[in-house]
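There are 2 protein chains.
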Amino acid sequence: MGLDETTQKPHDRLSSYLAGDMERVNGLIRTRMASEHAPRIPEVTAHLVEAGGKRLRPMLTLAAARMCGYGGDHHIRLAATVEFIHTATLLHDDVVDASAQRRGRPTANLLWDNKSSVLVGDYLFSRSFQLMVETGSLRVLDILSNASATIAEGEVLQLSAAQDLRTDEATYLKVVRGKTAALFSAATEVGGVIAGAAEDQVRALFTYGDALGIAFQIVDDLLDYGGSSATIGKNTGDDFRERKLTLPVIKAVAAASPEEMAFWRRVIEKGDQRDGDLDHAMQILNHHGSMTAARDEAIGWAVKAKSALSFLPAHELRDMLADLADFVVTRIR
Amino acid sequence: MGLDETTQKPHDRLSSYLAGDMERVNGLIRTRMASEHAPRIPEVTAHLVEAGGKRLRPMLTLAAARMCGYGGDHHIRLAATVEFIHTATLLHDDVVDASAQRRGRPTANLLWDNKSSVLVGDYLFSRSFQLMVETGSLRVLDILSNASATIAEGEVLQLSAAQDLRTDEATYLKVVRGKTAALFSAATEVGGVIAGAAEDQVRALFTYGDALGIAFQIVDDLLDYGGSSATIGKNTGDDFRERKLTLPVIKAVAAASPEEMAFWRRVIEKGDQRDGDLDHAMQILNHHGSMTAARDEAIGWAVKAKSALSFLPAHELRDMLADLADFVVTRIR
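As you go down the protein sequences, you meet chains A and B in turn. Heads up: the first sequence begins at 1 in the working numbering, then just goes up one per residue. Heads up: the second sequence begins at 334 in the working numbering, then just goes up one per residue.
Honestly, the hints are just simulated from the structure, not real lab data. Every value quoted in this text rests on a predicted model; they were computed, and no experiment measured them. A couple of the hints might just be wrong.
In silico DSS-like links for lysine-lysine, alpha-carbon gap of 30 Å or less [claimed, not checked]:
| # | chain 1 | residue 1 | chain 2 | residue 2 |
| --- | --- | --- | --- | --- |
| 1 | A | Lys244 | B | Lys448 |
| 2 | A | Lys54 | B | Lys448 |
| 3 | B | Lys639 | B | Lys387 |
| 4 | B | Lys577 | B | Lys387 |
| 5 | B | Lys387 | B | Lys448 |
| 6 | B | Lys448 | B | Lys577 |
| 7 | B | Lys577 | B | Lys603 |
| 8 | A | Lys115 | B | Lys577 |
| 9 | A | Lys9 | A | Lys306 |
| 10 | A | Lys9 | A | Lys304 |
| 11 | B | Lys637 | B | Lys577 |
| 12 | A | Lys304 | A | Lys244 |
| 13 | A | Lys115 | B | Lys448 |
| 14 | B | Lys603 | A | Lys115 |
| 15 | B | Lys387 | B | Lys342 |
| 16 | A | Lys244 | A | Lys270 |
| 17 | A | Lys54 | A | Lys115 |
| 18 | B | Lys387 | A | Lys115 |
| 19 | A | Lys244 | A | Lys115 |
| 20 | B | Lys639 | B | Lys342 |
| 21 | A | Lys270 | B | Lys448 |
Some chain B residues near chain A, calculated using beta-carbon distances under 8 Å [to be verified]:
| # | residue |
| --- | --- |
| 22 | Ser368 |
| 23 | His425 |
| 24 | Val428 |
| 25 | Asn447 |
| 26 | Lys448 |
| 27 | Val453 |
| 28 | Asp455 |
| 29 | Tyr456 |
| 30 | Phe462 |
| 31 | Gly469 |
| 32 | Leu471 |
| 33 | Asp475 |
| 34 | Ala482 |
| 35 | Glu486 |
| 36 | Glu488 |
C-beta: ideal position from N, C-alpha, C; glycine also.
From just these sequences and the hints, can you work out the full model?
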């Protein structure tokens, strides 16, 4: 997921505003990543946690807590928690995705990485768990344990939905919540909860994170098919090659002619992909207006995210979060 | 880990005594394993959770809670929690061990299983986390989050200690705690905590679980080299082939002559194993008294487990737990 190009400005403003908090989060992450007994752990995690991460999720937690007037320091723990969970899922995704990309022919080296990815992911997950227990808030634990279950369930669902042309938009939404939105919404919600915000504010924070995450993921999926004609995504065609049922494809399949259906069966179900197929898929997606329709949905979710913020107190951070929602969909406008 | 042969009697008595509770635990496990959105999950877990599992860990939790006079029903949740964590680690071990056994040449099928193992393991772990949150006890959450971290760390440590002849007994103990004893001790400790037992009883329950787990694992490792002359373990040679540094080998390496050291370097470090090497290894282990010394340690831990029980109230279940500690080491006497 690449936010760099499009959300740079609001993201950078968040970064500057939250710099002091983020430094403490980074310090905590470094401390808790360390393992006296197993020095390999920081090696494996360093490049993920330390290098170049945009830290969007922990910033959401910090912003939510600050915006609600929080003055304690549990938001630092929760921000680190959220980043650990995110990193753990990335590590486990490596195992799942790597094997998909190199079907049946992995290297010994890849397998070694698999082992470390699985176990270090587990380690980070358990570390995140320890951190949230330290906040002493059962409600926070409830939110994050539910988010963890949604994430795990979404990942399994994605596995069985892949290559299945019967996948519908409701299933897509569940996958997207698991993949992205559940951690976004938990990140913002726990920020409000730890700050002791009013119930309608906590709900609004949840809605903001959920809608932002969904918009974010739909945009990502659109960019995989080139986005709008003006913007070319950097990983065009990855989802197509991995035969994933993303929103534009689901819409196109629902409206497919018999010839188009035969095409989708061949390239997605059977995985028999030839030169020119990606171009042909993109033509179908544009012909049916599937790209435009998916784009409109992404914009709708971004609007929903922004609207939710109206329940929250006026605050510089609130404006930045509103701009962030706009920025997420700029890539496809 | 095979308990069948040796602990049948105390284990069966525990099973009978706790049958009512265990039925509720099984019901809860079935309910929480189900996933509306991802029907593959119960498929993958069913054979692990449903079929033939001896349910030792959940029984430890139930026994500890009952022995301390608990009359509520959170012990059911905690027993299911413990079994979920155990199953999740088994699923992830599959990924780690399978790739070790078929170095560099896995099948596509194996990889498909890897994906499911990783993701369903994550799902079970997050489910276990939800269950423990439902108990509303921060102390229970603290114990189980720490146990999870110890387990994950131990697994990573085992990965880096494998094939490393410098592995010492202290490292071995950390690996064993991660692999077995941390969940045993958490299982017994949370049983006492949820029952509101006195501090010295909670400590005793921790010590019992910890010592029982260590004894159990040392016995398992001994059986891998044939145990005593009278008892032949069912998986003789697995650890040798996987070049694991277990207690008898660590002891033999510490006492090795230059010729023996060359042998260990070849078979463990380099992995160059030939016909007759396992027999030769067993000869060295017996020659140095490494088997006897490791056996004595296992018995020492079993004795420690039993002694800890003296802090607990006289109870039928206490007697069964004492017998269980004896039984664990019967396989190698």
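Hint numbers not upheld by this structure, sorted from lowest to highest: No numbers; nothing is violated.
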